[in-house]
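Q: Okay, here's what each chain looks like letter by letter:
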Amino acid sequence: MTVALQQLVNGLTVGSFYALIALGYTMVYGIIRLINFAHGDIYAVGAFLGLSTYGLLRLLHVDNPILTTLLGLVVSMGCTGLLGMLVYRVAYRPLLHARLSILISAIGASLTLEYGLFLIYSPSFLVYPHLFDTPGMSLGDISVSGLQIIIFVSGLVLMAALYLIVHRTKIGMAMRALAINQDAARLMGIDVNRVVALTFFLGSTLAAFAGVLTGLYYSQISFLMGFLIGLKAFTAAVLGGIGNIPGAVVGGFLLGVLEGLAAGYFSSRWKDVVAFGILIVILVVRPRGLLGERVVERM
Amino acid sequence: MRKWCAVVAVLALLVPLTALGAGAQGATIKIGVPVPLSGGNAKMGDDISKAATLAIEEWNAKGGVLGRKLEIMTFDDACDAQQSVTAAHKLVDAGVVAVAGGYCSSAAIPASAVYHDSGVAFVADASSNPKLTDQGFENVFRVIGRDDQQGPYAAGFMTKTLKAHRVAIIHDNTVYAKGLADATKAALSGKPGVQVVFFDAITPGEKDFSAVLTKVKSLKPDVTYFTGYYPEGGLLAKQFKDLGVSGKFMAGDANNDPTFVTEAGAAAEGDFVTSTPLPQDLGTAKAFVDRYKKRFNQDPGPYSALEYDAVNIVINAIQRAHSTDRAAIIKAIAATKGYKGATGSIGFDKKGDRTTILYIPYIIKGGKFTPYNVSS
Amino acid sequence: MNALGNRWVRGALVVAVIVVALGLPIVGTPYLIDVGTLVLVYIMLGLGLNVVVGYAGLLDLGYAAFFAIGAYTTGILMDDAHLAFWWTLPVAACFTALSGVVIGTPTLRLRSDYLAIVTLGFGEIVRIAATNLTFTGGPEGLYGIAHPTIGGFVLRSPQALYFLGLAFVLVVLAGSYNLARSRLGRAWLAIREDEAAAQAAGIYPVHSKLMAYVLGAVFAGAAGSFFAVKLTAINPSSFTFIQSVTILMVIILGGMGSLPGVILAAAVIVVLPEVLRAFDQVRMFAFGIGLIILMLVRPQGLWPSRIGQIERRAVAVSEASAAAGVAADAAATTE
Chain G
1 MTVALQQLVN
11 GLTVGSFYAL
21 IALGYTMVYG
31 IIRLINFAHG
41 DIYAVGAFLG
51 LSTYGLLRLL
61 HVDNPILTTL
71 LGLVVSMGCT
81 GLLGMLVYRV
91 AYRPLLHARL
101 SILISAIGAS
111 LTLEYGLFLI
121 YSPSFLVYPH
131 LFDTPGMSLG
141 DISVSGLQII
151 IFVSGLVLMA
161 ALYLIVHRTK
171 IGMAMRALAI
181 NQDAARLMGI
191 DVNRVVALTF
201 FLGSTLAAFA
211 GVLTGLYYSQ
221 ISFLMGFLIG
231 LKAFTAAVLG
241 GIGNIPGAVV
251 GGFLLGVLEG
261 LAAGYFSSRW
271 KDVVAFGILI
281 VILVVRPRGL
291 LGERVVERM
Chain A
1 MRKWCAVVAV
11 LALLVPLTAL
21 GAGAQGATIK
31 IGVPVPLSGG
41 NAKMGDDISK
51 AATLAIEEWN
61 AKGGVLGRKL
71 EIMTFDDACD
81 AQQSVTAAHK
91 LVDAGVVAVA
101 GGYCSSAAIP
111 ASAVYHDSGV
121 AFVADASSNP
131 KLTDQGFENV
141 FRVIGRDDQQ
151 GPYAAGFMTK
161 TLKAHRVAII
171 HDNTVYAKGL
181 ADATKAALSG
191 KPGVQVVFFD
201 AITPGEKDFS
211 AVLTKVKSLK
221 PDVTYFTGYY
231 PEGGLLAKQF
241 KDLGVSGKFM
251 AGDANNDPTF
261 VTEAGAAAEG
271 DFVTSTPLPQ
281 DLGTAKAFVD
291 RYKKRFNQDP
301 GPYSALEYDA
311 VNIVINAIQR
321 AHSTDRAAII
331 KAIAATKGYK
341 GATGSIGFDK
351 KGDRTTILYI
361 PYIIKGGKFT
371 PYNVSS
Chain U
1 MNALGNRWVR
11 GALVVAVIVV
21 ALGLPIVGTP
31 YLIDVGTLVL
41 VYIMLGLGLN
51 VVVGYAGLLD
61 LGYAAFFAIG
71 AYTTGILMDD
81 AHLAFWWTLP
91 VAACFTALSG
101 VVIGTPTLRL
111 RSDYLAIVTL
121 GFGEIVRIAA
131 TNLTFTGGPE
141 GLYGIAHPTI
151 GGFVLRSPQA
161 LYFLGLAFVL
171 VVLAGSYNLA
181 RSRLGRAWLA
191 IREDEAAAQA
201 AGIYPVHSKL
211 MAYVLGAVFA
221 GAAGSFFAVK
231 LTAINPSSFT
241 FIQSVTILMV
251 IILGGMGSLP
261 GVILAAAVIV
271 VLPEVLRAFD
281 QVRMFAFGIG
291 LIILMLVRPQ
301 GLWPSRIGQI
311 ERRAVAVSEA
321 SAAAGVAADA
331 AATTE
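Same order as they appear, the protein sequences are chains G, A and U.
Sequential numbering from 1 applies to the first sequence in the numbering used here.
Sequential numbering from 1 applies to the second sequence in the numbering used here.
Sequential numbering from 1 applies to the third sequence in the numbering used here.
Hints in this document: simulated from the structure, not taken from any laboratory.
There could be a bad hint or two in this list.
Listed next, with one range per pair, are the computed distances between beta-carbon atoms [claimed, not checked]: (1) U:282 / G:167: 39 to 47 Å; (2) U:193 / G:86: 29 to 37 Å; (3) U:167 / G:121: 31 to 39 Å; (4) G:285 / U:101: 44 to 52 Å; (5) A:191 / G:139: 33 to 41 Å; (6) A:293 / U:242: 55 to 63 Å.
Even for Gly, the Cβ is constructed at its ideal location relative to N, Cα and C.
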């Protein structure tokens, strides 16, 4: 029983990261039907910018761990958000009507970001300062670290904030309108480019948040760190129903927990097979994902 | 019309450009150095190519060999089978007299077939999978030990020194890690009272291994041995302590990198690593370490000294063979005996494996890899 | 771009490609021939995926799985059963076709984007299984796969392997050319343009899609068989998601549905990173930027198919009229 609970804690931690990144995939997909291959790398950029901010603050003799972390998050999220908009402006906007060409452009953007980090920072693994390495609280035989709780709670808060932005503000309404019919939205006076750019900004911000927390929690970052988790987060977004915000969150947590259970009770080597197998079965049984709404097919 | 011009231009540009660099045979003697320069292992490739650079610079400062200057040709194999074969063809075409390098076994083994077909000597630096030399190619040598030598060593250390009865083995499903894990498991299975309670792989590139470690924890091991590479090793060491798994954490030689400790932080304290001795801990390598630091302003990597020796053995063989003929060089390398390298005395057996190979245990103390005194 | 100039340039290019293809093994160094052989592998893969994506309009992100199944079938049969290379080909074709049916039957009813992720998952499952199973050699894969023989002649040299690859490519090329013009090819075109209308005209979409999927899989399997004997060693790292994406790049870069485009793009995808090898550290960075620029300058691909161009024009017109329709509706509601 304790093992099962521990696996649940593990799964929710991983799932928080999946969910935060999956939101970026799902929002962009919902609006412009693009699988944004570069999104995982945006997450990596966020982690590196956070590390740079820490380095800069140390030079300025700002040592308070909470202050530096907050500043690191804000700077990284802001800059990465702008970078996300830049990627959209340069690599995607001119190709919005070329559905497959934009996919190649996205792969190009992904490689450019990855190897940009490689050239600017380092080919090797970089290490975050160990600021919050508090020993795990032990509830019986289950260990939960303070950082795990922070990741889980702050992740949920951000996801809720995003939900409110999309469903309660005017700009959110514009996003939803765009998702339903771009031409109609344009005719209603919505500035399509501005709204899509803002979507990229929001998605990138959440990815950067996940990136900085990855650095703090796992301590290790590298220029290729976004690839695998990007793939998983995309899977999570589809699992929950792509284009659907609560779906991405549910999909993220579900995938994290499923992987944990597969590794814990079956075999770690086969856990991705289990995860993808379940994904395939769910899609065959429920083709729109768990919470997906009906979306009109567009090629 | 413009479209066709563009298409023709692209084709016309591509053809001569590939030819470029393939030709141009100069008076220098070329030695090939295939290493990963892109992808996750790029750092190791960089360390290795620096050591090769140092080796030839020293020879050239003394006037080269056979009155000719030396040159290394570094090519990216990306630790990938297909790319390493292409790089191997390119090196052979470029007229290298021998090849010294290679990091990932998964890249070195397919490439070794190309070198074999072209009759070029291949002195592997860090590829330790047994299959490399078990193929029976007379042109393949290696200066690193075999995984099935390190495996029994690690097994002996766990059972004799650490008195382990329950052992968990974690690999990462790469050629090297699986080979070392299999060899360790095989060596343990012969020992009475010792049980391998866990044997499974993690996925390299992931960061959260708590699910696997939670399972390991429930099995209450005395020693957990990780046979993969340091990026995951550091993460495992940290999460191992965070979850409070019982027993000692121990890792294979690919974890012998300072990043292992910086990643894990305080959690790495008291962990063990089995490895060939670091250059810094070898009396024979002191001069090499000093010169490397002076030249590149950084510490050598875990495989730098081995590469330095590999390149020197090739040059030494050229000197003894008095020829740059590829076949003559293979013969001369095979005849190497008692060569005093930075990593100790080097000679090769019939398969091309190094005859004397030394492993020592390291313990992490005060954030540093410290040789562990077994008798204490 | 008048018709005559077009025909002349086209003819000249075809001649140029033939000259390069035949001249390379004669004048090229082994390295160049090896690069050329790799181009042939990607042409085969590109042509196969072109059937799935270009003809039938099904987005596939796990195409490397079929490539792997072909390579492993040949590798295992030659290593363990000591079968001759030529006998492994029909077996590989059967296995890949079967796996195409198994994964295609339940999933082809899905929307194309979900199909993309299902195929991605399938690709990963195959790769992980190859890594974990013992009869596939685990992470080490298979070694010492024999060279193919014709009569008593062993195809060992880079030249011989190149010509073998060329023969494969010609067969696959002829196959795809004829497919596009067959009854099935026209059915695919109809489904891709308007599935409902095609269905109304008596085409059974799932059946036609499955055929595309299976044929594409068989092409990849043949490419895999060739790849196994070319490299003589295969391991799971050759069949990653990145490999699937690279093959997809070949057909999009070339221009969807276009056979000359596939050939050209396969050359670019293989040769460009080799050219950039000289730049070592900035190699992949430059490749990424190059892809973006290529797409911005030529979003329709290097050599788009003529059918594709006509379609695009039609789509543009229909989109414009749809927009006009919406505008009219909007105007009507504001009145």
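Q: Take the hints in turn and mark each one as holding or not.
A: Here's how the hints hold up against the structure:
no., hint, result
1, U:282 / G:167: 39 to 47 Å, "holds, 44 Å"
2, U:193 / G:86: 29 to 37 Å, "holds, 36 Å"
3, U:167 / G:121: 31 to 39 Å, "violated, 47 Å"
4, G:285 / U:101: 44 to 52 Å, "violated, 20 Å"
5, A:191 / G:139: 33 to 41 Å, "holds, 38 Å"
6, A:293 / U:242: 55 to 63 Å, "violated, 37 Å"
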